[in-house]
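With these hints in hand, go ahead and build the complete structure from the sequences.
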Amino acid sequence: MFLINCPYCGERDQQEFKAGGEAHIQRPRQPTELSDDEWAEYLFMRKNIKGVQFERWNHAHGCRKWFNMIRDTSNDEIKAIYKMGEKPPAQ
Amino acid sequence: MKNKYSIFSLFKNALSYHENWQRAWKDPAPKKEYDAVIVGGGGHGLATAYYLAKKHNMQNIAVLEKGWIGGGNTGRNTTIIRSNYLWDASAGLYDHALKIWEGLSQELNYNVMFSQRGVMNLAHNLQDVRDLKRRTHANRLNGIDAVYLNTEEVKKFCPIINTSQDIRYPVLGGTLQRRAGTARHDAVAWGYARGADEMGVDIIQNCEVKAIKRNGDTVEGIETTKGFIKTKKIGVVAAGHSSVVANMAGLRLPLESKPLQALVSEPVKPIIDTVVMSNAVHAYVSQSDKGELVIGAGTDDYVSYTQKGSHQIVEGTLNAILELYPIFSRMRMLRQWGGIVDICPDASPILSKTSIKGLYFNCGWGTGGFKATPGSGDLFAHTIANDEPHKLNAAFNLNRFVSGDLVDEHGAAAVAH
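Protein chains in written order, with this note's numbering: chain A, 16 to 106; chain B, -2 to 414.
It is possible that part of the hints are untrue.
Unchecked claim - Some chain B residues close to chain A (C-beta under 10 Å, calculated; not the full set):
(1) Arg249
(2) Glu253
(3) Asp297
(4) Asp298
(5) Tyr299
(6) Val300
(7) Ser307
(8) Asp339
(9) Gly401
As the list claims (entries may be wrong) - Some chain B residues near chain A, calculated using beta-carbon distances under 8 Å:
(10) Ser240
(11) Val241
(12) Leu250
(13) Leu252
(14) Ser301
(15) Tyr302
(16) His308
(17) Pro342
(18) Val399
(19) Ser400
To be verified - Each computed BS3-like pair below joins lysine-lysine, with the alpha-carbon atoms no more than 30 Å apart:
(20) Lys51(B) with Lys229(B)
(21) Lys63(B) with Lys65(A)
(22) Lys62(A) with Lys223(B)
Think of the hints as simulated: they come from the structure by calculation, not from any bench. Ideal Cβ placement from N, Cα and C applies to all residues, glycine included.
Okay, here's the thing in structure tokens:
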């Protein structure tokens, strides 16, 4: 349990948010040309890092906007929060 | 040779104030080379080593554990055992385990306190009723005992449940698997460790894996905090940390590791003699032999390795417990803890070869791996020894995420995910 600083609403309880998994997974540009292996990589395979991980979160019980987060999964410490479409800040 | 545990050995050792019991397993230094190395000394890893030595004649093997054996999720789970899964592949896998559980204490000469007290799954809306009836039929077609109970029968089987129809999620019925139940989780790890040790398996504790050495697409050995160990076969059974070990070999797995919490109450006299689970209100409860209520629920939805979890999950669980069992309203909770579970997109496990020769993974058991411990060990040992899966775990390969042939048990297995 931790506090999350929503880029639109400010600091709120984590309970208001929904985790959306790994960030920056690009949807394939040419889906019709993808092999089954490439589909599996895109759909299912995850880094699942123990340490600093890039994630998407949604302020589900607030403004309902999506944003990105850099978080250390080994201690739940939030390193940075940035809006969708923005480049991640330098670590 | 291990001394046999019996009433006579208990009496004999009582005469010497229990100070001369034989060591249950050795504490060896790792050898330079093994025929196979198992990474992870939980129940599944130790069972794998036990069956490799017993059924496949591979005694020159080691189990590496970064902490102490049984100190991970084996000691953190809520000990529920059942096999009432919907799909044929899952039914085969989990019932194989349940059949081994039924004779396990005798086989290991170690009391794992397997108690077939029954597991009841509740239905709270019409869709639940349809799903649970469907699952009951599917179970019976697969030879798994299952009955559907209406509200009165639920009340009769477990009288403390509130079956009033004016609560938020009224009990409309439930399923019962009488062969299901609980076991003593630590004893399972200790029993398998003792059995494996007797057959010559080296159980090496406080030994963390740092790197996996490959030569092209073949494994050569393993770098650990106790030095390099040469081996041709590595079986990884690292639960929540499976992705971390996979990363050492340059692999990605379809897993996310999330905190799963459980809690126990202060001990009280016997009040509930079965296990009751509810998927819809997301809570389950049983009573341990010590008298504590053992309560669990769902996972948090974010990836975390902190073994903590969020308070609102516990709060939601206890809300559900209190609505179903008003009699518990004044009980106090004694402890709460979290473990890290590795969850697959289809909520089914992976017992599989990988694209790297000699590297095998047993992971993705998610929130319900304990029940499968003996079967998982048996089938994973078969997979490692023969370099081919057993027919019971063939469906649980890594390739299913490429072919699309998933074993989709999410929400279909009466499980509290």
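Hints versus structure:
1. Arg249: holds, 4 Å
2. Glu253: holds, 6 Å
3. Asp297: Holds: closest Cβ of chain A sits about 8 Å from Asp297(B), inside 10 Å.
4. Asp298: holds, 5 Å
5. Tyr299: Status holds, d = 4 Å.
6. Val300: Hint holds; Val300(B) Cβ to chain A Cβ min 5 Å, cut 10 Å.
7. Ser307: holds, 4 Å
8. Asp339: holds, 8 Å
9. Gly401: holds, 8 Å
10. Ser240: holds, 4 Å
11. Val241: Hint holds; Val241(B) Cβ to chain A Cβ min 5 Å, cut 8 Å.
12. Leu250: At 7 Å from the nearest chain A Cβ, Leu250(B) passes the 8 Å test, so the hint holds.
13. Leu252: Check passed: Cβ of Leu252(B) comes within 5 Å of chain A, closer than 8 Å.
14. Ser301: Given a least distance of 5 Å, the restraint on Ser301(B) holds.
15. Tyr302: With a closest approach of 5 Å, the Tyr302(B) hint holds.
16. His308: holds, 5 Å
17. Pro342: Pro342(B) check passes; min Cβ-Cβ to chain A is 5 Å, inside 8 Å.
18. Val399: The hint holds - Val399(B) has a Cβ within 8 Å of chain A, the shortest such distance being about 4 Å.
19. Ser400: holds, 7 Å
20. Lys51(B) with Lys229(B): holds, 20 Å
21. Lys63(B) with Lys65(A): Status holds; Cα separation ~16 Å.
22. Lys62(A) with Lys223(B): holds, 27 Å
The structure shown violates none of the earlier numbered hints.
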